[in-house]
Every structure is written in structure tokens, then in C-alpha cells.
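Peer 1: Produce the complete structure using the sequences and hints provided.
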Amino acid sequence: MNDKLDRQTLQKHLAQLPLTHPERRAAVVPLMQSLQAERGHLDDRGVEEVAQVTGLSTTEVEELATFYSLIYRHPAGRHVLRVCDSLCCSLQGADRLLQAAEQYSGVSLGKISPDGAFSILPSICLGLCDQAPAALLDGEAVGPLNEAALQVLLRRLQEVD
Amino acid sequence: MEAVLTRHIEANAPLDLEAYRSVGGYRSLDAAFARKPEEIIEIVEAANLRGRGGAGFSCGLKWRLRDADAPRPRYLVCNIDESEPGTFKDRYLLYGGPHQIIEAVIVSAYALQAEKAVIFVRGEYGKGGHGLHRAIKEAEMAGLVGSNICGSGFDLQMEVHISGGRYICGEETAMLNAIEGLRPNPRHKMPRPSVKGLWQHPTTTNNVETLVNVPHILLNGADWFRALGINSGCGPKLFCVSGMVHQPGLFELPCGTPARELIFEHAGGLAEGRTLLGFIPGGASTAFLLPEHLDVPMDFDPVAKAGSRLGTASIIVLDDTTCPVQVTLNLMRFFARESCGFCTPCRDGIPYLAQILATIASGEGRAEDLVLLEELSGIIALQSFCAFAPGAMIPLISSLQCFHDHYESHIDTGCCPFDAVNKSGA
Amino acid sequence: MGTMRIDGHDIPFQENDNILKAALAANIEIPYFCYHAALGSLGACRLCAVEVASVDPTQSPRVVMSCLEFARDGLNVSVSAAAARQVRQRVIEFLMINHPHDCPVCDEGGECHLQEMTVACGPPYRRYRGRKRTFTNQYLGPLVHHEMNRCITCYRCTRFYQDYALGDDLGSMRLRNEVYFGRFQDGPLTSPFAGNLVEICPTGVFTDAVFRQHFARVWDLETAPSICPHCSVGCNTLPGARDGTLRRMRNRFHPELNRWFICDRGRYGHQYSEHIDRPLTPRVRDEKVSYREALAAAAEQIKAARDKTSGLGSTREDLESNAMLQTLLNKLSGRFATFSDPQIETATVAAVAALQSSGGAPSLAEIEQADAALVVGDLTAHAPMMDLALRQAYRAGAKLAILHSGPSLLARFAATTLTVPPQEISAHLLRLHEQATAAPTAPTAPAPSNKHEKELADIAVYLTAAQRPVLIGVSETMAVPEIAAMVQLATALGSRAKLAYALPGANTYGTILLTPTTSTTAMLEAIESGQIQTLIVIGNDPLGDARLGTRWRAARRHLSTLIVLDCVATATAEAADILLPVAAWAERGGTFVNYEGRAQGFAPVFQRTEPLPNTVEVLADLAHCLELALPDAAAVLSNLFPGYQAPLPGTLGSALSAPPLTMQTGTTIGPASSAHPGHWQVALASWYGDDPLASYAPALMELAPAAAALIHPTAAFKEGIEDKKQVRLRGPAGTVVLPVQLNNDVAAGTIALSRVTLTQLGVGHGDLLELEHIS
Ligand SMILES: Cc1cc2nc3c(=O)[nH]c(=O)nc-3n(C[C@H](O)[C@H](O)[C@H](O)COP(=O)(O)O)c2cc1C
Ligand code: SF4
Ligand code: FES
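Residue numbers (numbering that gives the first Met the number 0), protein chains in the order written: chain A, 0 to 160; chain B, 0 to 425; chain C, 0 to 774.
Distance ranges between label pairs, derived from CB positions:
#, chain 1, residue 1, chain 2, residue 2, range
1, B, H245, C, R71, 52 to 62 Å
2, C, N26, B, H187, 21 to 31 Å
3, B, H245, A, G105, 28 to 38 Å
4, C, G1, B, A2, 57 to 67 Å
5, C, R125, B, A54, 29 to 39 Å
Using 25 Å as the maximum straight-line C-alpha spacing, the simulated PhoX-like pairs for lysine-lysine come out as follows:
#, chain 1, residue 1, chain 2, residue 2
6, C, K131, A, K110
7, B, K136, A, K11
8, C, K302, C, K330
9, A, K11, B, K126
10, C, K287, C, K302
11, C, K717, C, K450
12, B, K126, B, K136
These aren't lab readings, by the way, just hints derived from the structure by calculation. Glycine is no exception: its CB is placed at the ideal position from the N, C-alpha and C atoms.
Peer 2: Right, here's the structure in full:
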């Protein structure tokens with residue numbers, strides 16, 4: 000267990016508490032999200048901090064952290080590309096796209112590129128079926144994608160950093 | 000039909016408060032506050048506004064059936080979790096017009112006399128959620144949200160919850176757990192959320208598309224609303240069309256518009272030389288319809304009569320190059336992946352089905368597998384804890400019926416016929 | 000409340016019963032996994048499917064989950080219907096998809112609920128052709144072993160651990176068919192009730208890690224109904240032995256006491272009887288001798304000393320042994336006492352007297368029903384299952400008030416916590432009484448500091464408003480005035496209030512009834528003045544006493560012979576001139592009287608390969624050598640207690656009718672109440688694994704908190720003491736250097752110390768101590 004949160008961090012975290020809710024545990028998801036936004040993933044220290052602010056145990060926070068698909072308990076790349084593999088995108092070639100992404104980058108799905116620049120994750124339907132095959136890059140929609148466009152995208156990610 | 004719900008939708012460039020007001024936004028607040036809450040509920044019921052979240056339950060009836068003397072605070076939850084494959088209509092509403100949503104939530108909360116509203120946004124729509132949050136702050140500054148709204152004496156706190164991400168969070172009771180910071184497993188049906196919902200207080204949940212109709216109904220009346228639909232349908236409807244069509248997209252059309260018109264006119268039809276294999280009319284958990292159903296009006300009862308559900312009115316089109324076994328396998332993998340893991344049939348049964356389907360799809364299936372699929376899917380559909388697994392079984396059961404020959408040929412030939420076709424074509 | 004039909008049988012049900020509960024109560028088997036009588040219905044496993052006929056005959060019957068469906072009058076249910084059977088079969092098939100086929104080597108084999116259900120409803124063969132999913136296990140500490148691949152996701156473990164026992168370090172992680180029950184990180188489970196996972200899990204995910212090390216198949220275990228020897232609650236247990244050694248402990252259902260559970264002290268404390276240093280061979284001085292030789296030597300010494308022989312019984316020895324020792328000493332005209340510390344003796348007498356006159360202590364089931372409770376002391380460490388009962392009351396909305404001096408696990412659930420130094424407890428109780436009665440009663444009581452006035456007023460409000468208030472004191476850390484104050488408070492609350500004390504030993508209540516009052520002081524003085532030359536000690540450790548060990552050790556030099564009968568290697572046993580090892584409780588039968596005054600019999604479970612005599616037998620043999628005629632234990636006891644009948648093992652036990660004891664009021668023993676500048680008060684920081692027997696159980700002891708001086712941060716700051724810095728403590732028996740550990744649950748001006756440290760220092764709870772900084 001790490002030492003107590005310093006006052007400043009605590010204040011920052013407390014600002015995330017939804018005031019309209021009667022219990023602090025309602026802040027767990029927003030807190031996890033904001034820590035992840037800062038650090039790229041929710042690390043063990045983050046779980047401990049969320050626990051401290053909400054008064055839950057680390058295990059109780061972990062129960063939630065491990066349920067959600069958008070909370071990363073393992074390090075992710077600086078950029079995260081979530082490629083949809085659900086029906087509409089799959090009909091438009093998402094499976095080939097995912098394979099190509101692995102082949103092109105040499106990084107398997109869910110892993111980080113050696114330079115830490117990006118990770119590629121398969122995702123359930125992103126609500127971008129009208130742009131299939133689609134992906135979310137750091138939360139921004141990209142699509143329709145094809146293999147060439149994907150290659151350009153991945154190359155740009157490596158160059159930007 | 001002139002656009003109603005999407006009229007002021009500007010994809011990714013939504014109107015701010017001032018602009019929205021200048022096109023008539025927030026006018027329904029006066030119309031609402033001038034009426035008793037009960038009257039609004041009556042109007043909504045008379046308009047026959049049916050839930051756009053999937054089940055199509057009458058919105059007015061749901062509101063009327065809540066306990067009017069329920070203890071305070073009461074909650075209204077607006078559902079923008081939209082994760083049903085094929086569905087993207089709520090995304091347009093969220094990214095393109097947050098103030099329309101806020102307005103709808105205010106008048107609906109007033110009708111329900113709910114003093115707290117939570118708008119639940121799927122995590123993948125986080126940017127839209129933040130935009131909505133900013134819009135709420137704008138509305139708060141303008142006295143449209145908060146205490147004594149526009150001098151009406153009505154107080155409403157409104158906040159956005161951005162989900163950590165999971166399809167099951169869209170299920171009403173799982174969503175309540177998610178908001179409370181509990182694991183988002185569904186709750187037991189009793190007591191109902193309308194009695195003990197969020198934080199054990201009375202709670203009403205509606206899909207965002209359902210709610211955005213309410214201001215328009217208030218301003219124009221129930222009759223106007225009913226008249227907007229065609230063939231038995233009522234009101235405007237957001238249709239999503241995707242899959243093997245030229246121009247997938249969102250189309251706001253009269254509820255009751257036939258599928259043929261949607262697929263072939265609005266979505267540009269199929270690629271050159273392709274024929275229609277079938278389509279899913281209402282998102283991943285609805286049954287397949289076949290070419291013979293093209294003229295079925297896309298409205299709740301007619302689609303039900305045709306053997307499927309209007310669901311989220313999200314049409315996924317399959318043409319003759321798509322393997323229905325692969326399609327079904329894709330759906331089962333989706334459901335296996337998103338099962339919350341609470342009850343046995345869903346948690347362990349769906350992956351089992353997916354495994355069987357995978358063997359069939361790859362040509363390693365056995366004849367008895369089809370019997371097994373039927374037997375297992377029946378049990379899973381009937382004996383699971385929440386509506387997730389029954390929803391998951393619908394496309395499987397219907398696929399086995401509609402595309403039985405395809406399953407048999409996979410088993411008989413020991414390969415996927417479409418693989419051969421696609422490969423030789425490529 | 001009504002009747003329904005299940006497969007043609009009329010079944011009665013109670014209001015709000017579900018079909019499953021009513022069926023099980025009527026001995027009708029409906030298969031289930033996630034339902035548990037203590038945890039209720041969940042509806043997750045879907046195994047309890049039954050068919051229910053519709054009221055409307057044109058409608059076809061429905062298959063429903065019997066655990067989620069209320070029983071209704073006239074309901075027609077079929078368990079055997081083909082549709083219901085098919086659902087159950089599929090559920091088993093689904094569960095077996097990932098469950099390893101490791102039954103031949105699984106610890107749960109033979110008592111596996113999954114195995115039974117699979118045989119009862121399952122498909123005979125496997126159809127699934129895919130791979131099994133696998134998990135990595137966690138290290139959960141020395142008591143519970145984790146084997147996640149066997150999990151069937153019934154959620155019983157977390158529902159017990161979190162919802163029922165209010166622990167927070169075991170949870171449900173992830174989702175889909177990857178739901179994982181474990182901790183945030185590897186590490187020992189922290190709940191005092193964690194061991195119940197072993198029984199609550201319907202398959203082999205959580206198994207007994209201690210049993211595993213010395214495993215036997217359940218069908219090879221010798222068992223017999225027993226009573227837990229580790230505290231005064233008297234939970235019913237089922238020990239299992241094999242090849243002359245005790246292997247494990249399970250709960251045995253008692254409807255008024257422990258019901259489905261026992262605490263970890265009870266489950267793992269039994270390892271004391273297999274401790275590597277357990278005395279097994281009689282010894283005279285430094286020489287190992289035969290039993291006969293040891294007896295002869297003892298008899299010789301007693302004969303030589305004649306009327307200068309006395310005996311010390313024990314609160315952890317059963318009724319029979321204490322009564323026999325007393326009878327023997329009567330014949331020898333010797334003294335008989337049972338405590339090593341007179342202060343604890345008088346407090347215990349007062350507590351038992353209070354229990355006798357208060358209309359009976361509440362059972363655990365009654366404690367669960369309390370709607371408000373006051374706890375004085377650290378209940379978890381002295382009667383863990385009383386704590387678990389209070390947690391149930393708390394879950395149902397009861398308000399708990401805790402008045403204590405050192406760490407207490409229950410404080411987390413308290414509506415009001417008053418952390419005060421030991422010597423201020425009684426003043427607070429008296430003030431609470433004043434508040435509750437709105438009438439000053441004890442003008443001499445010093446007023447507690449004003450800062451607690453509001454809390455006391457709160458407690459008074461909810462105790463007086465309660466319908467079923469319960470007051471529970473930990474007698475070991477209380478003095479007579481505090482016990483008296485609790486009685487006064489209970490009386491003021493009227494007959495709805497129930498009073499209970501956690502007493503310091505499995506048979507304290509029974510032992511006290513045999514003990515002449517203030518016998519310990521008299522005995523010590525008699526030894527010191529040379530009036531006693533031979534002392535027989537059974538199951539007691541005066542030389543290891545925390546407060547009086549030094550005095551006893553000095554007194555021991557006046558004795559010519561110390562004869563000790565025990566099954567653990569205590570300081571006293573080591574110092575014995577003649578040591579007679581005796582059978583541990585599972586190796587013999589006997590009777591314990593619990594905190595309620597309920598006498599419960601325990602049966603001999605097994606024999607060691609080289610059996611040891613039990614205490615009663617040794618005393619009888621000794622009498623024989625002395626040519627004294629001793630009646631047997633049953634005769635002695637029926638002589639002592641009118642109408643006494645030995646309670647049969649496996650029954651609910653019976654109240655012991657005994658003449659009332661009198662509380663020694665106005666006693667001068669007890670902590671002084673004036674402040675001593677430069678001194679700290681001592682509070683006993685005990686823990687749930689800590690009793691004279693369980694402290695010889697190695698696995699449990701791995702969890703014992705590290706020795707430290709616990710001090711409140713404010714008090715530490717005022718004195719310039721820093722966390723983790725060493726301090727020197729000076730007590731009558733010696734000095735000890737310990738690291739400081741800041742702890743918010745310690746009272747101001749108080750140092751909380753472990754039992755071991757107290758013994759090293761020669762101080763008891765409430766005594767004073769000097770602390771020196773080490774630069
Ligand atoms: C597994 C599952 C997922 C669901 N997901 C959504 C969703 O993403 N959005 C939604 O509005 N309703 C969803 N629903 C339906 C909701 O539970 C609820 O019925 C709906 O929000 C009610 O709104 P309505 O009456 O306005 O349609 C889902 C239901 C289930 C069983
Ligand atoms: S059907 Fe069962 S496992 Fe599936 S989502 Fe619902 S509760 Fe969870
Ligand atoms: S016991 Fe009924 S569903 Fe598990």
C-alpha cells in the first residue's frame with residue numbers, strides 16, 4: 000500500500016465525486032477514467048488511490064476495474080487504436096484489417112509497440128457501423144478503413160511521437 | 000417527411016445554447032410547465048410513443064405506471080449506452096445536438112416529477128459525453144437546469160455518467176448498478192426500478208431517442224405525432240442501415256417506412272450484381288428477415304408479425320456473398336464476450352454455442368451439432384437471468400431456421416462454401 | 000402459513016418462503032448451487048429449475064427457478080418434470096465445460112456439491128469439444144488454498160465474505176466465463192471468518208490449506224460431534240482425524256449458536272494438539288518416565304506433603320476434570336482455585352453472577368436479532384462468532400456502539416465508537432447509565448471528559464429506543480465496577496435488554512461454578528507463606544500469566560513439588576517437577592459450559608497411536624495410588640448440580656442449574672482511577688487467533704500481528720514519538736524494546752500491546768507502564 004495521498008492529489012480526486020450521488024462509490028468509474036487519462040492505464044497505485052478516496056478496499060475497486068472494457072489494468076500504448084470486429088465491420092473486412100494491423104506493425108493485438116507508441120485492441124461494435132470497417136483512435140472515430148489507410152495511420156502514430 | 004429529431008443535428012458541430020434557442024430550442028419548457036405533470040403523461044400516452052431502446056414499450060404507459068406517491072428523490076435515467084451492433088442513431092443525437100437531449104430530459108423529468116436525472120453515455124462516446132456535460136453547464140448557467148427552473152418551482156439536477164464500457168450496461172438494472180459504482184450485473188426483476196431503482200429510489204429509464212420525441216409532442220400535440228408515421232407507425236423514427244449496402248447511414252423517416260425503401264432507396268441498395276440474402280431489422284438481438292419481408296413496414300407490430308422485432312430499428316443487410324453461419328458466429332462471439340458472467344446459461348452456454356458454430360463454419364461440424372444448437376439455444380433463451388441471453392439466442396434460433404440449408408451444406412461439404420467463392424473471386 | 004404440492008406431496012411453507020426453501024425444509028431435494036440458507040437466493044446458477052403448473056388450465060406449465068419464486072397456497076410444483084430435469088441437466092453440462100475433470104485428486108472429493116449434483120442431474124458424458132479455460136491461482140495465506148479452475152461461479156464465496164461477514168478483500172473480478180474470485184493482489188485473507196469459504200464453496204476452489212498438508216479422504220476421516228475449545232461461545236464442530244492424528248475442523252450446525260459457520264480460530268486452532276512440542280511423555284524432573292512411574296512419584300510427593308497439597312483447575316479444562324480435581328483436593332483437605340490472576344477471577348465471577356441474575360444471555364441467533372448493541376472491549380478477539388452475529392444485526396440495520404481501549408475489528412461497523420483508556424471505561428458506563436435513565440445514580444463516578452458527552456447521549460438514545468438491545472462485555476479486559484455498571488445499565492433498559500459476556504475460556508462458566516470465590520489470592524498467599532508444598536495444576540499456566548507470572552514464579556520456589564497435567568508445553572508445564580501429558584479435547588469426551596450457561600457434551604473423536612490418559616483418568620489413578628476412593632465424574636457432577644445429566648454430544652446442550660453466585664461489589668481490586676503522570680495505561684491488543692491453545696497452532700500464528708507498541712497518533716505526537724521508531728517499555732517483569740505503530744483505534748494515554756508483550760513486561764490490561772524514548 001502506498002503512502003497517503005497528498006492534499007493536492009486528494010483535492011483533485013475529490014473534484015471528480017458526483018455530488019448528486021449519496022455514496023462515494025459512485026465516483027469509482029470517473030476516478031478510474033481520470034487516472035487512466037493521466038497515466039495511460041490504471042496502474043496498481045491508481046487502484047489504491049481510488050480506494051482511498053472512495054473509502055472502498057482495493058479489491059472492491061478491482062472488482063469494477065476488471066469488469067469494464069475501457070479501463071486498462073495493463074499498460075497501453077500512448078495511442079490506442081480500437082478496431083471494431085462486430086458484425087457490420089466484420090462484413091466489411093474487419094477481420095482482415097485486424098490481421099493486417101498485426102502483420103504490418105509486428106505487434107500482436109493487446110500488446111504495446113516496442114516504442115510504446117501504440118496498442119491495437121479489438122473492440123465490440125463502436126456505433127460506427129455507417130463508417131465500417133471503423134475504429135476509434137484515442138476516442139476519435141476513423142473509418143471506413145482499408146489496409147492502406149491503416150498502414151498510413153500506424154506509420155503516422157510512430158512518427159508523431 | 001421533414002426531419003424532426005435530426006433537424007438541428009450538426010454532426011460533431013452541435014448548436015450551442017444560444018444557437019439552439021434561436022431555432023426554437025427549449026420552447027417546450029414553457030409548454031411543459033404550463034401543464035400539470037399528469038397531463039404531459041396523458042399526451043405522451045395518447046401520442047403512442049413507444050420506447051426506442053429496443054423493447055418498444057409504450058413510454059406514456061411506463062410513465063403512468065410509476066408510483067406517483069413514491070418517496071423522493073426520484074430519478075430519470077436517460078440511456079445512451081447504445082452498444083447494440085448495427086445501432087448508431089443515439090450517436091448522432093449526442094454528438095450533433097446535446098441541447099435537444101437536455102431539453103427532452105427536463106420536460107420528461109418534470110412529467111415524472113423526478114428531481115435527479117442521470118444521462119448514461121457509453122464510454123466509446125466519451126467525447127460526446129463531455130460535450131453534453133459542457134452543454135448542461137451552459138444550461139445551468141442559463142437557469143434551465145438546477146433549482147426553480149424558469150420560475151416554475153421545479154428543481155432538477157442533471158449529470159452525465161460516462162460508462163467504463165460494456166454492452167450489458169445498457170440493460171436497465173445493470174445500468175443502475177453501474178451508476179452506483181457496483182458491478183454492472185443486472186438486478187433481479189423485483190422490486191422493479193420504478194419502485195426501488197437508483198440508490199433504492201423510484202427510477203424511470205428511457206432511451207434517448209424516446210425522450211427527444213417528448214418536447215416535439217408537447218409543442219405539436221399527440222395527433223400531429225401520430226400522423227407523422229405511416230402504415231400504422233407513429234411519429235418520426237431514426238433508422239440505421241448498415242452492412243452490405245452502398246450508402247450505409249442514419250435516416251429519419253416516418254415510423255412504418257418499409258424496409259425496401261430504406262435499403263434500396265435511402266441506403267443505395269446492394270453492390271452491382273449482388274442479391275439480398277436477408278437482413279436483421281432491429282440490431283443484433285433481433286431475428287433475421289428474408290427478401291420476402293422487404294415490404295414489411297418498419298414499425299413495432301408489423302415487424303413482430305413478420306417474426307422479428309423492430310428493436311433499435313437498425314437494419315443490417317446481408318447479400319449473397321455473406322455466409323450466414325459466419326454472421327451468426329460473429330454475433331455469438333459478441334454475446335459470449337459481453338456476457339456479464341452472472342448466470343450459468345449465458346456465461347457458459349453462449350461460448351459453447353460459439354464453439355459449435357466455429358466448428359460448423361470451418362467445415363468440421365457434425366450433423367448432430369445442429370440438434371445440439373437448437374436444444375441448447377432453447378434452454379439458454381428461456382432460463383437465463385436477464386434479457387441479454389434471450390436476445391442473444393434470437394438471431395441464432397432464427398438463423399438456424401432461415402438458413403438451414405447453409406448449415407447443412409457446411410456440414411455436408413466439410414468446408415465453408417463462401418470461403419471458396421470469395422477466394423476464387425478475390 | 001400455507002400448503003403447496005410438490006410432486007404429489009403436500010408441503011407446508013412459511014410466509015415469504017420461496018419454493019426451494021420450503022422444499023428443503025420438508026426434506027424434498029431440489030438441486031441448487033447458488034442458494035444458501037444463510038445467504039438467501041441469488042438466481043445465478045439456474046440449477047433449481049422446477050415446473051410450476053399454471054392456475055389457468057389452458058396454459059402450459061412454466062419452468063421457473065424455485066429459489067426466486069414465492070411459495071403460494073395451492074401451487075403445484077414438479078421437480079421431476081422432464082422440462083425441469085432437462086434444464087438442470089444442461090446447467091450441469093454448462094458448468095462442466097470448464098470444470099477440470101480432476102475429481103480423483105481433488106481435495107473436495109467425497110463432499111463436493113458439484114460432484115453430487117452432477118451425479119444427481121447431470122449428463123453422463125461430455126459433449127463439449129473445445130478447450131477448457133484456465134486461471135492462475137492466488138496465494139491467500141496459510142489457511143485457505145485457491146484453485147480457481149474448479150470455479151462454477153455461484154458467487155457464494157463473495158456473498159459470504161463480503162455481504163455476510165463484511166470482509167472487503169475477496170471479490171468478484173472480470174466478467175463472462177472469466178469471472179474470477181480473488182483478491183486485489185496475493186496475500187492472506189484478512190477476515191477472521193475466511194475459513195468458512197472452505198465450506199461455503201460448493202466445489203474445490205477454496206480448500207483447507209492446513210488439511211491439505213496432511214490430507215486424508217473425507218470418507219477415511221474419523222469424526223464425532225464436538226465443541227470448539229477455543230472460546231466461551233461453544234460453537235458446535237465436527238473434527239476429522241485419521242491414523243491417530245487430528246486433521247481438520249468443520250462447522251456443525253447448531254440452530255441457536257454458530258449455525259453454518261465457525262471462526263478461523265475454531266477452524267485452525269486445533270493444530271495445537273499436533274504441535275511439535277506437545278508433551279507426550281511423562282517426566283519427573285528432567286527424566287522421561289513411564290506413566291506409572293510419574294503417577295507413583297506424584298503420589299509419593301502428595302503423601303509426603305499431606306494436607307499441604309493444593310490444586311489449580313482451569314477455564315479451558317472441561318467440567319469433569321475441574322470437578323474431579325476439586326473432589327480430590329477435598330479429600331486431601333487442600334485448596335482449590337482455577338484462575339492464575341485474581342483480578343480476572345473476580346471479574347469473571349461478577350460476570351457469571353450477572354449472567355445468572357439477568358435472565359439469561361442471548362444466544363448467537365438472538366444477538367443477530369438485536370436492533371441496538373453496546374460492546375465493551377474487543378469482542379472479535381475474545382468471542383469471534385459473537386462478532387459475526389453482531390455483523391448480522393448491523394446488516395439488518397442495528398446500531399452498534401463500541402466502548403473500547405485498543406484495536407477492535409467491529410469498530411468499523413459501529414454507529415458510535417468511544418475509544419477511552421481502560422481506567423475510564425467504568426466512568427463512561429456510569430455516565431451512559433445516567434443518560435439512559437436521565438437520573439444521576441452514582442455521584443462518586445468521575446465525569447468522563449466532555450468530549451464524549453454527545454456520543455454517550457447518542458448511544459443512550461438508541462439503546463433506550465431499541466426493542467431488542469443487547470449489551471456485551473469482554474470480561475477478560477473488564478474489572479468488577481465495569482461489569483456492575485453494565486448490569487445496572489441492562490436493568491435500566493428493562494427486560495427487553497439482554498446481557499452477555501465473552502468469558503476467557505471454553506469452560507469458564509462451568510469452572511467458575513466450581514470455584515470458591517477469591518480463591519486465587521488465598522492460594523497464592525498460602526503458597527508464599529509456605530502453607531502449600533505440592534501444587535497440582537491442570538490445563539493452566541500460572542507461571543506464564545501476564546500480570547502475575549512473576550509472582551507465581553517467585554511463589555513456585557516455595558513449592559517442593561509442582562505437578563502439571565496438560566497437553567500443551569506452557570511455561571508452567573516446562574517448570575513442572577512432574578509432568579503428566581494428557582489427552583487433548585478431541586481425544587477424549589467431556590463437557591464445556593458456554594457463555595450462556597449451556598452445558599454441551601463433546602465426544603472423543605479418535606485415539607492417538609499411543610493414547611494418552613485424560614485428566615479425569617489421571618486424577619482417578621492418582622487417587623488410587625493415594626488409596627483414596629474417588630467417585631466418578633458423573634457422580635461428582637450430579638452431586639454438585641441438582642438434577643445434572645451429562646449433555647449428550649450432538650444435542651443442543653442444556654442449561655446447568657447451579658446456585659447463584661454473588662458479585663463481589665466494593666472490591667478493592669481493579670484499576671486505580673487517578674492519573675499517573677509519566678505513565679501509560681496498558682490495553683490488551685489481542686486478535687482473533689489468540690487464545691492459550693490456538694497460540695500453539697502454527698498456521699494460524701503466521702497471521703499474528705507483529706509485536707509493536709500501538710499508540711494513537713495524537714498521543715504519540717504530543718510525546719514526540721514517531722511511527723516505526725523503537726521505544727523501551729518498562730514493567731514489573733522486565734523491559735521490552737518495540738517499534739511504535741501509530742493506530743487510530745488506541746485510546747489517548749494508552750499503549751496497546753500483545754498478550755506476549757504483556758507477559759514479558761508483567762502487566763495486565765489496565766495496568767500502568769513506563770515508556771522511554773530510545774535516541
Ligand atoms: C442486454 C441489453 C442491452 C440494452 N442496451 C440498451 C442500450 O444500449 N440503449 C437503450 O436505450 N436500451 C438498451 N436496453 C434496453 C433497456 O434495458 C431499457 O429497456 C430501455 O433503455 C428503456 O427505454 P425505452 O423504453 O425508452 O426504450 C438494453 C437491454 C438489454 C437487455
Ligand atoms: S443473461 Fe445472465 S450472464 Fe448473461 S448478461 Fe444476463 S445476467 Fe449476465
Ligand atoms: S439456486 Fe436458484 S438459481 Fe441458483
